[in-house]
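K.L.:
So the sequence shown is numbered by full-length UniProt numbering: it starts at 1 and just counts up by one.
Think of the hints as simulated: they come from the structure by calculation, not from any bench.
Any given hint might turn out to be false.
[Claimed, not checked] Simulated restraints on C-beta separations:
#: 1; residue 1: 221; residue 2: 179; range: 39 to 47 Å
#: 2; residue 1: 176; residue 2: 94; range: 42 to 50 Å
#: 3; residue 1: 313; residue 2: 164; range: 25 to 33 Å
#: 4; residue 1: 146; residue 2: 233; range: 18 to 26 Å
#: 5; residue 1: 170; residue 2: 222; range: 20 to 28 Å
#: 6; residue 1: 86; residue 2: 146; range: 45 to 53 Å
#: 7; residue 1: 313; residue 2: 157; range: 18 to 26 Å
On a predicted model such as this, the values are computed, not experimentally measured, just so you know.
Positions of the beta carbon are idealized from the N, C-alpha and C atoms, including for glycine.
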Amino acid sequence: MPVSIRQLTGRIGAVVEGVDLTAPPDPSTVTREHGCDDHPRPLDRVTVAGEERERQVFLPRYARRRTPLSILRERLRWPLGIYTTPVVILVAWEVLARAGVVSKTYAPAPTSIVKSAVDLWQQGVLGPDLAISLQRAGLGLAIGLTVGIVAGVLGGLLRSGEYLFNGVVQVLNTIPLLAVLPLMIVWFGIDELTKVLLISFGAGVPMYLNLFAAIRGVDQRLIEMARTTGAGTWRLVTRVLVPAALPGFLVGLRFSLAYSVLGLVAAETVNADQGLGFLITQGQTYLQTNQVFVGLVIYSLLGLLADQFVRALERVLLRWRPSYEAS
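Let the hints inform the model, and build the full structure from the sequences given.
P.N.:
Structure below.
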């Protein structure tokens, strides 16, 4: 007869040095001489039934009570958060460009780049090129993620899947995107298919590697405990393997999004007549440095937005998992 986890843990008693830890001690017999209820220090001296002992207390950071003063102090110290360094670099760049220390021909001021982006948008140049690039990136990313997820799940769950996919993907992982591009041009020409396949190649490999490692890294004790409670294959996969492998999947998604942008850059800078890469190539040909920087900034913003999207997914999907918060 299957035994539930609650019944199993209810039968286990933990007795350490003669003190029963299965139930909390009587509050009248427990005293603390260090720390407090809200912020206990790493070492507390506890008196249990008249016997004084020292114990080490680990309090997760997420469980600590953050006061409005501490939140305000943190925001005043880092008002821009993760954007602190980029903003400092942009301000320094602007000052140096206006002072003439940096050549405006080769490194125009950030405000000049923004003005060029607005002009290109108003001229009807930037909008269509951006739409074409997003279409290529979205299609290539969808194909790459689909192949990477299917292969990663089969390789992680089945030994035969590992034999079929793992060796090939490990070989492909060592080949740079730019090294694959000439061969794809020979095989498929210079049309859209080559560009989409290159982006798919960049997105699929990291997804497979991270998902495969996440599934194979699931704690065996969790699987054994689920089987002890009578869980079948479907419940084992959906209730144990999927939640346990979800952090690794999100890491793979972050890398896939980043590599899809890199694949987009590589695909559009070779024989492209539309897209951000074509915009950059035109700027290089006619020495329009502002236009080159406009394309580069948009590429970097796409990567930043992709990273923030995955971070938002992590906050929603991994609320059950307490994580380390830096001090």
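K.L.:
Next, verify each hint and record whether it holds.
P.N.:
The hints, checked one at a time:
1. 221 / 179: 39 to 47 Å: holds, 43 Å
2. 176 / 94: 42 to 50 Å: At roughly 35 Å between Cβ atoms, residue 94 and residue 176 fall outside 42 to 50 Å, so the hint is violated.
3. 313 / 164: 25 to 33 Å: Holds: the Cβ-Cβ distance is about 29 Å, inside 25 to 33 Å.
4. 146 / 233: 18 to 26 Å: holds, 23 Å
5. 170 / 222: 20 to 28 Å: holds, 27 Å
6. 86 / 146: 45 to 53 Å: Check failed, 33 Å falls outside 45 to 53 Å.
7. 313 / 157: 18 to 26 Å: holds, 23 Å
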